[in-house]
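J.: Make the full structure from the sequences, and use the hints.
If you read the sequence shown in UniProt numbering, its first letter stands for residue 1, the second for the next number, and so on.
If you are wondering where the hints come from, they were derived from the structure by calculation, not from laboratory data.
Accuracy of the hints is not assured; some may be wrong.
What the hints assert, rightly or not - Beta-carbon label-pair distances, calculated as ranges:
1. D724 - K667: 21 to 31 Å
2. P474 - G22: 38 to 48 Å
3. T318 - H911: 30 to 40 Å
4. S113 - S335: 13 to 23 Å
5. D769 - P889: 15 to 25 Å
6. G502 - V306: 32 to 42 Å
7. T109 - R942: 28 to 38 Å
8. R861 - I229: 43 to 53 Å
9. F534 - E253: 39 to 49 Å
10. T663 - E253: 28 to 38 Å
Each residue gets a CB set at the ideal place from its N, CA and C atoms; glycine is no exception.
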Amino acid sequence: MSYSIKSAGVITCKAAVAWGPGQPLVLEEVEVDPPKASEIRVKVACTSLCRSDLTQWQSEAQPDLFPRIFGHEASGIVESVGEGVTEFKEGDHVLTVFIGECQSCKHCTSGKSNMCQKLGLERRGVMHSDQKTRFRVNGRPIYHYCAVSSFSEYTVVHSGCAVKISPSVRMDRACLLSCGVAAGIGAAWNVADISKGSTVVIFGLGTVGLSVAQAAKSRGASRIIGVDINPEKYEKGKAFGVTEYINPDECKEPIQQVIKQITDGGADYSFECVGDTSIVSTALQSCCDGWGTTVTLGVPKTNPVVSAHYAFLLMGRTLKGSLFGGWKPKSDLPSLVDKYMKGIKQVMPISNLELEVIAAFHSGLSSVVPIEWLETKEGTPRNSLPAPPTPICTAVLRSGAIRTNRLQLEVDIMNSGNHTALFSYSSNASTIANVEMARILTEIKVLELLFAISIFVTIHSLRQGRVRGLAVWPVVGMLPSLLLSLRKDIYEWITGVIDRQGGTFIFCGPWFTSLHCVVTADPRNLEHMLKTKFSNYPKGEHFRNTLRDLLGDGIFNADDETWRGQRKTASLEFHSAAFRAMTVQSLLELVHSRLLPVLAEAHEHRKPFDLQDVLLRLTFDNVCMIAFGTDPGCLRPGLPEIPFAKAFENATEAATIRFLAPTSIWKAFRYLDLGSERCLRQSIYRVDEFAYEVIRRRKKELASGEPEKATRSDILTSFTKLRDETGNPRSDKFLRDVCVNFILAGRDTSSVALAWFFWLLSQHQEVEDRILKELREIVAEREGEGEGELVFKPEEVKKMEYLHAALREALRLYPSVPVDHKEVVEDDVLPDGTVVKKGAKVLYALYAMGRLESIWGKDCRDYKPERWFRNGRLESESAYKFPAFNGGPRLCLGRDFAYYQMKFVAASILHRYQVEVVADHPVKPKIALTLYMKHGLLVTLRRRDEA
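T.: The following block contains the structure:
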């Protein structure tokens, strides 16, 4: 370690400086000012790399806080003290901490909190005392991190943010207690206060999670269940007290259900140690009613909002947050150091390869990895850290080999949640470095060389991700990221990527595949494609070929004249007075003779039922009656299994999978009749059976000459009367495609939207109250009508403006078609500057559009029907900002009827029942052409007139 002292006590030393978000750390000569009043200057002995360091380094949230020196977990020796410091003297061994203890403020003296009001978490990159920095490079100020900045040979901290430790304590172990390990132990001891014999569940077996485990073990917990997607962690976790292991990827049911089954209703304590807010709700649901306690202590990288059903808390569960495990640094850490050092877990080194620090950290290696730190023998400075890519692996360092100045990285045993990696500095310079290096280089084996190359490829691919949104790998492109997203919520994943990339990004699929595409959520781009240059952006050959087995040449899969002819015929029917009257009457009959009796039966039995399934049955019967003049009887008491309805849902899901796989793969599966392609073939067979039977029956009715049947108005009849170019009647295959396409439009979109609407209402009682108030006011306007079953009239449905807004808001957040597709006919440039070539595919993400702050403001993720009112009047939005019903020439013909149908159904249900979603029921979207709920919507009903 080399340094020099300038005038006025300024020290010049080495430090790893981040000059911008995500930019490589550069090894710089920095000037470190002397400590000011109440401060100390520390010679850093060991520092740890924590997940929060990595998160803030890569984050674009605070670009003005660069250049910056990161690091906040460290141990070292006091080099000098500032004015008024009596607690420390030169030579004292200390731990630095990211939150301090002044011992005099309200929080420090309360005995209830470790959130010091004077020395709390510092987020502005400066010192607590004067809001200035103590680092400079060539006169330019360098920002601090958490008022510690331990990625420097010397640093300055407030005396309240340092803790004296015994010189006998190993610094390379003690520094772990200045954040990660202490946070885990304290969460178990101080925040949760685990009791003997209890059951504990830990989500994420990283440094923090394993620290929770050993603390729970010390408290006498009888069962310690580790939850992680890496099975290797169980064997290592046993040493820390983990008794059982669950891999969520191997569970057929949601993980919270699995935990509740094996723990007789839920654990006593659960800990979220990953830093993923979506897991907080899962952890809360994994606890038992009455006394179950959930502690969250991971720092989220992205969405900071926690969403949980109020019923979990109402039933006695507790959700707590934990910062630094509740420890007060000066009051508590010294005794914790003494206790912990007696039972410290040893880290098992695997290899001694010179690697890139961050690459090793991401890879989760359990090893001690040395990296040359300061200079070569000749003194030529190495100007950046991580090391240059050629070569990444310069040598296998063996005992007694090269003793150069170096940085040592001890990577966390596990790779989950808030990781910790350990650096230590060695200052012995070698006089025979070149000779030794030459000898060692000859010993590199092929396996080590391949390993180095793989590290280089990994680093290069990940760095591309910073610019392009996702890591781009050789041969497979961005496909690994796409496949990983399938394990979670692919629509939220797409939203996150689009948001980071400013509204549009280019997805690079594997070489020689059809998965390359542009994905956008920019309203300007939508208006350009759907209206301004409509003819240049058809569905395209790829889309048509992918869905032809299911949709054929129907209106939703057709382009050009085929599409125009079908739309013209459908438009004439939709706008006829007879058709409109028939749709209103058929809906009224279905709701009052089918839907309400089914709901009454469900209420009487007091058992949960799947509301999404009921709504799908309703809209299926409705669309069949108004489009084809047939009643399949799908919605009736007992909810009988209808093979066609199930087959249709399976077919749309299997067809969607084709868009996620290379064309050659799904075509091979189709040829071999395997997997999803076999399911698709079997499902389409049942769909065709139903469609051709409907067509046969309708043709027979038309041929019978019976006036009542022959003159009936419906969509199928209109298309049956059409003639092709030669004057012959349209084929049954053409009519089959018409049937299937209109079923897709009329069955799935309205029912799926209503299911999400009722789920949102269950979480927003204030919205439901306003809808009920509106309904009561409308009913109160009736005059001279006797008592009887209430049937809403068309003119009353039209007055339901707040209900209309609430349904719009549900469609904004959960559009029935989450992603749509276009193909480029000729080279073009989108309004946001994205260049698209002939034949390129463009996806526009409707789901993401509803969640972008740039489109809907800071409350974009909130369910707020009020956003659709201006000056007390219900207003609409541009179809390119709110494209739930498409836009331009392809604007949905059935939009008005869809709103009428949804309002009539919702009002009829809400007037009679309060719909309550079953507690702990998992609600997430399914990958399909339309946004089904993957697990349905289990609900119970309570009549409005019940106490």
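J.: Run every hint past the structure and note whether it holds.
T.: Hint check results:
1. D724 - K667: 21 to 31 Å: Hint holds: Cβ distance 30 Å, inside 21 to 31 Å.
2. P474 - G22: 38 to 48 Å: 22 Å, violated
3. T318 - H911: 30 to 40 Å: About 37 Å separates the Cβ atoms of T318 and H911, which means 30 to 40 Å holds.
4. S113 - S335: 13 to 23 Å: 19 Å, holds
5. D769 - P889: 15 to 25 Å: 40 Å, violated
6. G502 - V306: 32 to 42 Å: Check failed, 27 Å falls outside 32 to 42 Å.
7. T109 - R942: 28 to 38 Å: Because 49 Å falls outside the window, the suggested range is violated.
8. R861 - I229: 43 to 53 Å: With a Cβ separation near 26 Å, R861 and I229 fall outside 43 to 53 Å, so the hint is violated.
9. F534 - E253: 39 to 49 Å: Holds - the Cβ-Cβ distance for F534 and E253, about 46 Å, lies within 39 to 49 Å.
10. T663 - E253: 28 to 38 Å: Between T663 and E253, where Cβ atoms are some 34 Å apart, the hint holds.
Hint compliance for this structure: hints 2, 5, 6, 7 and 8 are not met, and every other hint is.
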